[in-house]
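So the sequences go chain by chain: A and B. The first sequence begins at 1 in our numbering and counts up by one. The second sequence begins at 371 in our numbering and counts up by one.
Derived by calculation from the structure, the hints in this document are not laboratory data. It is possible that some hints are incorrect.
If you want the footprint, here are the derived chain B segments under chain A, 3+ residues with CB under 8 Å [stated by the list, open to error]:
| id | stretch |
| --- | --- |
| 1 | 385-395 |
| 2 | 474-487 |
| 3 | 518-529 |
Selected chain B positions facing chain A (Cβ under 8 Å, derived; list incomplete) [unchecked claim]:
| id | residue |
| --- | --- |
| 4 | Ala398 |
| 5 | Ala404 |
| 6 | Arg405 |
| 7 | Pro434 |
| 8 | Gln436 |
| 9 | Glu462 |
| 10 | Gln569 |
| 11 | Tyr570 |
| 12 | Arg572 |
| 13 | Val573 |
| 14 | Ile575 |
| 15 | Thr576 |
If we take Cβ atoms under 8 Å as the criterion, some of the chain B residues that face chain A in the derived model are [to be verified]:
| id | residue |
| --- | --- |
| 16 | Pro546 |
| 17 | Ala558 |
| 18 | Asn577 |
| 19 | Arg580 |
Quantities reported herein were computed from a predicted structural model and do not represent experimental measurements. Glycine included, C-beta positions come from ideal geometry on N, C-alpha and C.
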Amino acid sequence: MAQLRSSATISVVLWYGLLILVTVVMHLTRETQQSQAHVVLIYLLVVLGGSLSGGRPLGFTLAAAATILISYYFQPPFDSFSLTKPIDAVVLSAFFATAGTTTYLLVRAQEEAAQARAHAEEVERLSNEASHAEALRETARFKDVLLASVSHDLRTPLTSIKALAQDAADSGDPNAVIIVAQTERLSKMVAHLLDMSRLNAGEFPVSIELNTAEDLVGAAVLEMTGSNGADRIRVEIDYAAPVLIGMFDFVESLRVLVNLLDNALVYSPPTSPVILSATRVGDWLQLSVSDRGPGVPRTDAERIFEPFYRHASTANAVHGTGLGLAISKSLAEAQGGQLIYSERSGGGSVFTLRLRAVGATDPAELPVEQ
Amino acid sequence: MVMHPTRTDATVLVIDDEPEIRHVVHSALRSTVARVLDAADGRSALATVKAQTPDLIVLDLGLPDQSGLDLCRAIRAHSLAPIVVLTARHIESDKVALLNAGADDYVTKPFSTSEFAARVAAQIRRARTARPGTSGAVEADGMSVNFTSRHAHRDGKPVRLTPIEWAILRALTADPGRVYTHQQLFDAVWAREFGDARQYLRVHITNLRRKVERDPTHPRVIITEPGVGYRFGTPLVQESA
Chain A
1 MAQLRSSATI SVVLWYGLLI LVTVVMHLTR ETQQSQAHVV LIYLLVVLGG SLSGGRPLGF
61 TLAAAATILI SYYFQPPFDS FSLTKPIDAV VLSAFFATAG TTTYLLVRAQ EEAAQARAHA
121 EEVERLSNEA SHAEALRETA RFKDVLLASV SHDLRTPLTS IKALAQDAAD SGDPNAVIIV
181 AQTERLSKMV AHLLDMSRLN AGEFPVSIEL NTAEDLVGAA VLEMTGSNGA DRIRVEIDYA
241 APVLIGMFDF VESLRVLVNL LDNALVYSPP TSPVILSATR VGDWLQLSVS DRGPGVPRTD
301 AERIFEPFYR HASTANAVHG TGLGLAISKS LAEAQGGQLI YSERSGGGSV FTLRLRAVGA
361 TDPAELPVEQ
Chain B
371 MVMHPTRTDA TVLVIDDEPE IRHVVHSALR STVARVLDAA DGRSALATVK AQTPDLIVLD
431 LGLPDQSGLD LCRAIRAHSL APIVVLTARH IESDKVALLN AGADDYVTKP FSTSEFAARV
491 AAQIRRARTA RPGTSGAVEA DGMSVNFTSR HAHRDGKPVR LTPIEWAILR ALTADPGRVY
551 THQQLFDAVW AREFGDARQY LRVHITNLRR KVERDPTHPR VIITEPGVGY RFGTPLVQES
611 A
């Protein structure tokens, strides 16, 4: 700011100095060959120069000063403000008008040039940003390739280990049974870590489509088939009621349900049933997994969705990655849904996946032809 | 349910650059197929497909010299043998692209060898049966459908189906056991329609299941392939170890 002011002062001094100088020079020669036109043109140049470097204020004050100087020194009678010929008044006002107008136009042109420069800079900045975004996309692509190769590199050896151990287990080696189980645990961890890094990468693509809760529940039950205790899963759906329709990502919702069922089977007594139910509540499709496990202490109800949360009493007893619930919550939220925990009356936990419901529950409004 | 595939005289080609995985595939198929051939890259795989005409091809997607998708198409240009893909990725769009490129089934690593063997056996059986749909009737898990007389029965009791449900069943049973992508089903059922009707495919499937399945959430007639599509037939899942 201080620098700006001093450069403005310099240009005021400079251009008033020049104004005085040309006045003195022209005054010295005014008796000889000079016409009023020369004087006016020279003053005009000074005014334009001043407005170029000092803007409108300097331009207009120089124009006014020059008008006074012309009138006083260079219009007969010299050294007086009185005008003898009417044409002199015309010259004087024409000068003032010209000087004022050109000052105005010149400054405006300057301002427009400055705007154009700023605009060009903005364009350049935006194009820099665009290439930054391109770089980000490139990074995302790179991450994707990296994840693909990591999952390939990890899963290929796991495949051989699991298959060979399975062979040995089939021929009666009890150690091999443990290797198979541990390999399965390891592959689940790999899958969870890959999910976590995909979710953390920010761009998590979901494909939200019209789906039914029943199809989802059926796929979850099928996926659980074969895992330990899967026969304890009881499905509660009202088949007499209209089909429950929602807008959600089938694959990601399926993974949430499978995670919840996995947890419920692991944490609950081996004889108790695990209930998987689908209902509609307001604008939500609610898919609930209820167990008779130990539940979650009230103080931990918020923390169970944090990565690596483990309740102290189960930390040693239960194997897992500690990522399942955190991933499930993120997967639910990525598609506009929710994952909530509530206490089950009579003991145990209820985890509810809420997804966006679609359409009316009135069968007449369903798009099914009869 | 454990699938115990019976031994066939089939020849299977395994395309995989990892010797360990080839070993696993060999040992998984030892008791079910007659001969297992190896190829470690796309070029030799194509040569073997042309020279030995295998009955089924197991293709690993992580080949060094060629994209799995391209190889899948190249094999399809020379052979009608079923292609079972081994993939390390849980990306459904990849699976859809593979099925559209001519693959018949896929198994995600790390897979269970018994499930893998069951899928291979099912594909060989499927390829050897005369193209169904021509017979006009199919059966699965107590459900029988006759397209000529347009009668459907669940455990002997007649079941009433809507025209769209008939069309969906017709499309799925053209090749029982084959996975049809959502797009393929849209095209088969709503060939000349565009827009809103198509998005209700999954609603129609759910309604259809309530009629044809004993238990709609334990489907055994119309199987969901998550993110990919649907398949007609019993689920190929192994029971717990």
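Inset, instruction - Would you check whether Ala404(B) satisfies its interface hint, that is, whether its CB is within less than 8 Å of any CB in chain A? - result: 20 Å, violated
Legend entry - Status of the hint placing Ala398(B) at chain A (closest C-beta pair under 8 Å): 6 Å, holds
Inset, instruction - Examine the stretch 474-487 of chain B for residues whose CB is less than 8 Å from any CB of chain A, and state whether their number is three or more. - result: holds (count 6)
Legend entry - Given hint Ile575(B) near chain A, where the shortest CB pair must fall under 8 Å: 7 Å, holds
Legend entry - Hint status (Cβ of Pro434(B) to nearest Cβ of chain A, threshold 8 Å): At 12 Å from the nearest chain A Cβ, Pro434(B) fails the 8 Å test, so the hint is violated.
Legend entry - Residues of the stretch 385-395 of chain B with Cβ under 8 Å from chain A, three needed, outcome: Held - the stretch 385-395 of chain B has 5 residues with a Cβ nearer than 8 Å to chain A, which meets the minimum of three.
Legend entry - Proposed interface contact between Glu462(B) and chain A, which counts if any beta carbon pair is under 8 Å: 5 Å, holds
Inset, instruction - Closer than 8 Å between Cβ atoms is the bar; does Gln436(B) clear it against chain A? Give me holds or violated. - result: Hint violated; Gln436(B) Cβ to chain A Cβ min 15 Å, cut 8 Å.
Inset, instruction - Could you check if Gln569(B) really has its C-beta closer than 8 Å to a C-beta on chain A? - result: The hint holds - Gln569(B) has a Cβ within 8 Å of chain A, the shortest such distance being about 5 Å.
Inset, instruction - Tell me if chain A covers the stretch 518-529 of chain B under the three-residue, 8 Å CB rule, please? - result: violated (count 0)
Inset, instruction - Report holds or violated for the interface hint on Val573(B), using the least CB-CB distance to chain A and a cut-off of 8 Å. - result: 6 Å, holds
Legend entry - Interface hint compliance - Tyr570(B) to chain A, C-beta minimum distance less than 8 Å: Because about 5 Å separates Tyr570(B) from the closest Cβ in chain A, which is inside the 8 Å limit, the hint holds.
Comparing the model with each earlier hint shows violations of hints 3, 5, 6, 7, 8, 16 and 17; every other hint is respected.
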